[in-house]
Amino acid sequence: MTDATASGAAPERRHTSLMTADKGTRRRNAAEARFRAYGLAAIAVGLAALVILLVSILSQGLSSFRQAYVTLDVPLTAETLDPGGNRDPADIASVSTFGYSSIIRDAVLNTFRNAGIEIEGLSEDEARGIISPEASAQIRDRVLADPELIGQTVEIEVLANSWIDGYFKGRVTDRTAELNSNVSPAQIQLAQAMQDAGILNVHFNWAFITAPDASDNRPEAAGLGVAIIGSLYMMLIVLCLALPIGVAASIYLEEFAPQNWFTDVIEVNISNLAAVPSIVYGILGLAIFINFAGLPQSAPIVGGLVLTLMTLPTIIIATRASLKAVPPSIRDAALGIGASKMQSVFHHVLPLAMPGILTGTIIGLAQALGETAPLLLIGMVAFVRDYPAAPPDGFFDPASALPVQVYNWTQRADPAFVERASGAIIVLLVFLLIMNTLAIVLRRRFERRW
Amino acid sequence: MPVFWILAIVLVLGAAGYVLGRARALSSAGDDYRSLHSLPSYYGWNAFILTVVPALLVLAAWMLIAPIVIDGMVSGLVDEGMQEGSNLSLLMSDVRRLAAGLDSAVSSGALSASEASGLVADNALAGRLMGLGISLGSSVTETTLAAAQRYRGLAAASQVWMAVVVIALAAGGLLLGLRRINPSFRARNAVETGLLALLILASSIAILTTLGIVLSMLFETINFFRQYPASEFFFSTTWSPDFRGNSELGILPLLWGTLYISLIALLVAVPVGLFAAIYLSEYAGPKMRAVAKPLIEVLAGIPTIVYGLFALITVGPALRDYFAQPLGLGNSSSSVMTAGLVMGIMLIPFVSSLSDDIINAVPQSMRDGSLGLGATPSETIRSVIIPAALPGIVGAVLLAASRAIGETMIVVLGAGAAAARLNEGLTEAINPFEAMTTVTVKIVSQLTGDTDFASPETLVAFALGLTLFVITLALNVLALYIVRKYREQYE
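From first to last, the protein sequence lines stand for chains B and D. For what it's worth, the numbering used here labels the leading residue of the first sequence as 622, then goes sequentially. For what it's worth, the numbering used here labels the leading residue of the second sequence as 18, then goes sequentially.
Chain B on its own, in the form it takes in the complex (with noise of 0.2 Å):
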């Protein structure tokens, strides 16, 4: 022990004070000091990323809530809605749109010069422009559900033109009006001038939630219904069968399964179908749901099955834990007052994990919500205008998802489209956000520790 220090000489006596850091202390200091700071920045970074993608698409895509409306004085001359003049309900619907088109240049100008708007340099087409092509389906339905318009003078709101809309939200100037052929600044003054007169207003905007999608040169009439009612539908079939498939794999797993090779296979299938990438789900899909067992394309059942394959580790592995979580105690209890095994377990095991169970599936029904790429080999690209009918058959008829819509607007020239996408996703995170509020509440509520 004392060979080390005998042997050298005695160490050097430094004078110096605990109190003041010597070289060495402050160079530790400094690293330490270093340290922290890069964890901070590292939380700092994840938080501002999560700042900056909200953000983002909150600014681009709050404003398709709103929408510019032109507040039309339509006159619904009965010569060309009722050619008949018989007011037979089936005579006015062959009317096709097309046949409105004059209607509504007659009504634009009717309306222009009833507020007293001039406009230098303003051709009649350019006029009738700014009205979107989507309004003649418009005053059609108005029309058709109540013929006794016809004749009159009807005021009547219609969607005005994508790109006037863009005039309101920013999105086009006056400079880049010059620049672009599909809008001219005599039609943005005119707009600028219907505001005013008060013929023209930017109001919320039901049609976004509610209406179905539209075709690529009518950015202004697209909706998100149809996309609402399959992811819907899509939800509803994975609750259905995942739910219970789910919970009764995990009870065989975590109360009856004996440890033997079959076992473990299981165990080791569900583990690894958790990592499994979720477009090769798709490609299971497309092979097997659609071209082995001859389901349709773009249907939600199909979307419904692949999401319930891609749910079932989540579920189980959240069931799991549940179980595991009840304490042993009950289980013996119930078994030493004569409740068979099977007893014991729906009797009062099952029910005491009920909200951990609850919490696991919500959490894997809003990762089933937000999935977009097995949907896309699927077909739910597929460009729907129909409502799908009531379930159960609404599940076979072709729909659109949440997710995929985003995508499909992604895709399009106008871009108009981007500002849907982005309304869209914040449908969609509001969504997800009351999901998981529902998860937390519902494990803050029930959960109970033994």
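Don't take each hint at face value.
[As the list claims (entries may be wrong)] Keeping only pairs whose Cα atoms sit at most 30 Å apart, straight-line, the calculated BS3-like set for lysine-lysine is: (1) Lys945/B to Lys962/B; (2) Lys502/D to Lys945/B; (3) Lys502/D to Lys310/D; (4) Lys310/D to Lys945/B.
Rather than coming from a laboratory, the hints here were simulated on the basis of the structure.
Mind docking chain D on chain B? Use the hints.
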């Protein structure tokens, strides 16, 4: 009879089985139901299971097998009258479409049943069918029409027989269940055995899914390699699919794109995630932890399509305007950098929460020992905790890598559709501001839209999928092995 009604009838029979079985058990016990072996409701459930389960199994099997059998019988007919140069599977799909069209025309009232079966294949027929909303790939020949009529006949007969057999089976099960009831019958044991079988069935779905994934991709991949040489697929450095033929379908450019993007994603996610986990588990107070940890984990709950859109509308244009164009590295807003950065953000919570668990699992005594020797907290972390947790952290990074390789939406929207150009020099191949595509993007693009499952351009997607599956599976197995091995050390 539609399947829905068959189901309803079977379920009603089952419910009747439950009520009757329970009543019969009670009456067989006289007034004292304590003489029964099981609780009365078990007798009811036993009858219910015997009624419903065999009937439903047969129903499912019938619906799965019948179309295959009918196809086989009809395709013989088509085969005989087939002209030179036509394709059996295409003709069969025409036959099926024609049969389905005629059925729907009859059910909507556009044709009467006798009219539909009396159609003749002449020139007017195609126009007439078009009017009914039936469009066919080729013209209707005598053979196709005859086959379609035969198909309809067989399908209708199969429907009727299915209804008869299933309902008879349900009724038989009901009678059997009721007959077996007597006070000494061990109904509870029977029901519980049935239930256990159901539980086992549910858990074997995991195996079936894996089998389904592997088999569905394997068969189509074998088909693909029959048409396209495997050596070309694995070693060719060009990817240029062309639906008119003469495609070059080398996987190397796609793999390079995938790995490059994943590498950038990991370069972002691993330092940030690891430092965040270290700070949260070693330095942060309970308050900071309670706020920051859930907030970072919010990033994990955001769907990938949201990240994709973020890459497309914010990150991509920003990188192009502030980095790529001023530096003269390219002017595409979708690039390796865009996709990699955004994917890195997505992976931060993944790395941080896994590493957090692992760091927390390092025993406190090791920290205490190090601090007691005079090490600062950061020295403790660097020379004690990280080495102890290293295997687990490596496992977490491997899991994150497997996530990155299989990620689809971010790269579809952020990375572009052009394959990496490996033949045009090193700078082209490693420029991070160049658009590059990945395996997953090409799976999506080859399988969406109009697809022809006989051409190698479509089938290549299955080979890509299988490759992807094998790579991610290997990474996952390796990661789980490492993590498990490490856990045992401290338990």
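- Hints the structure violates: just list their numbers, smallest first. The structure conflicts with no hint, since it agrees with every one listed earlier.
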